Amino acid sequence: MSTVLTIARVEARRIFVSPLAWAVLFVLQLILGFIFATMLFGYAQNAQVADQYQGVADYIGGGLFGFATVLLLLVMPLMTMRLFAEERKNGSITLLFSAPASLIEIVLGKFLGLVVFMLATLLLLAIMPLTLLSGTHLDLGFIAAGLLGLFLMMLAFGSAGLFVSTLTREPTIAAVLSFGLLLLVWLIQIVANQQIPFAPVFGYLSLIGHFESLRRGIFNTADVVYYLLFTVFFLWLAVLRLDIERN
Amino acid sequence: MENQILIEARELSRRYGATMAVSGLNLTLRKGEILGLLGPNGAGKSTTMKMLAGCLAPSGGTVTINGIDLAQDAKGAKSSLGYLPEQPPLYPELTVDEYLRFCAGLHRIPAAEREAAVTRSKQACGLVEVAERLIHNLSKGYQQRVGLAQAIIHRPPVIILDEPTVGLDPIQIREIRALIKQLGESHSVILSSHILPEIQAVCSRVMIINKGRSVYSESIENTAQHRVESVIAGLRRPPSIETLKGLAGVNRAEALDGGLFRLGVDPGTDPREALAEAAAKNGWGLFELRSQSKTLEEVFVELTSGDITVHETQKAA
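Quick mapping for you: the protein sequence lines, in order, are chains A and B. In this text, residue positions in the first sequence follow our numbering: the first is 15, and each later residue adds one. In this text, residue positions in the second sequence follow our numbering: the first is 14, and each later residue adds one.
Read the hints as simulated data drawn from the structure, not as lab findings. Being a predicted model, the structure only gives us computed values, none of them experimental. Check before you lean on any hint, since a few could be wrong.
[To be verified] Simulated restraints on C-beta separations: (1) N261(A) / N39(B): 40 to 48 Å; (2) G89(B) / V130(A): 50 to 58 Å; (3) A213(A) / G89(B): 45 to 53 Å; (4) A137(B) / I118(A): 48 to 56 Å; (5) L254(A) / A214(B): 25 to 33 Å; (6) D182(B) / L162(A): 37 to 45 Å; (7) Q195(B) / L162(A): 54 to 62 Å; (8) Q136(B) / P33(A): 31 to 39 Å; (9) S152(B) / L34(A): 51 to 59 Å; (10) S199(B) / F233(A): 58 to 66 Å; (11) A214(B) / L138(A): 51 to 59 Å.
Beta carbons are placed, not taken as given, at the ideal position from N, Cα and C, and that holds for glycine.
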């Protein structure tokens, strides 16, 4: 366990000393701030739309978080692409491989380091709707459900990206492939809406379907379990992939 | 125990697709030895070292490090091991201190002892002045030293160094060699190189690998002694060639310019003493006497030149 934390600490440090993380956070915050402000003005000027929603938390929080998922789909592959691909490219991966650390510890350590970045993103995302606390009666449970949904979604994106990063030695290829993979799992939802056999199965597999209810403030254990299983599955694939590489 | 075996590899082989990179390699490293792995490019040196360091699983054979089987207890075996691959495994965005602290943690040095380990390792590799600098900004030589510091930070009994002096300037090469020699006193070191003088300068034993097989394994002392090929003797009043041929251990003799003679030597014998005695007794006027031994370079060229097949070289060795 201490090995996992040691790797996680250095991974988090390496993420935050790179300009990439700050550029990503800057762009996220800029765009989401713009969306947030636009929605806020729209809500203030056109109060009757609020009737269609369950209050300000639903309108602004839900809307903001819904938009954030699209942005995260675009930027998470950038954050995961370096995890293993870059290490393999510059040879530093041998440091981990020759150290007394198991592959599970290495993968978990890297992933935990990435989770630190996710938490920073989440914090920045949470601050915007929470500023409404001063002027409105914000439904905190609603916001919390949305943030939990976003966090779970990031875990899923991160684990899939981490796995793809173990497949190649070129970070950019890892980014493109994980973006493609995530978008594909996302778009399974379209198949689920068609009149075809097993449509509900596709609906269940889609990344976005499970976020919808959390975004609307509905906490369902099945959704949480879906994201956790998704995450564990891809981390496990990454461990298998690294083991194959050694053989 | 003085002769404790720290690394033992048996029948090690590694296949990449259809190519056998290493096949049937046996290797033993005892405590206090510095073993030099020599071989032409692509002979399987790096592959062998990767397998010894546990970064690559062998297709066949076993590796035991400090008595622990690498395949069965990888963590236990690797804790006795320090490895510097061909390309030092560095994180350029960290400072030297941050990086070494991480390596100390990775090798499970208790938190209380980490700072001391980092300091010791920095001192050993001459990194004290650059401790606060980003690895990215260091020169290649310093980066190599950081890689070396990483390999020795946990004081492992076994250190594996893959071409540790490649890309360094002559002064840095000397420093790194001195450091390796110093390490060899308290650790066991395996070192690969294709620079022959380096192996001769640093190692106590040499192993030549060609086409994935070990073709030569001998101590440096033996390499120097056993290979006396011929003796050059300078005589003012030389006897006949036949007389010289008649000396014990001499199988052929030829006259060179300036009163010099080259005497071919039977393998494993050294006729110099007998020649000196005979010269003194018969008044030949001996003014020069030296042996011409086969250098490591000649051994190397002989064993690895492309015309000879592996099986022939094995017989020859």
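### Query
Among all the numbered hints in the text so far, which are the ones the structure does not match?
1, 2, 4, 5, 6 and 9
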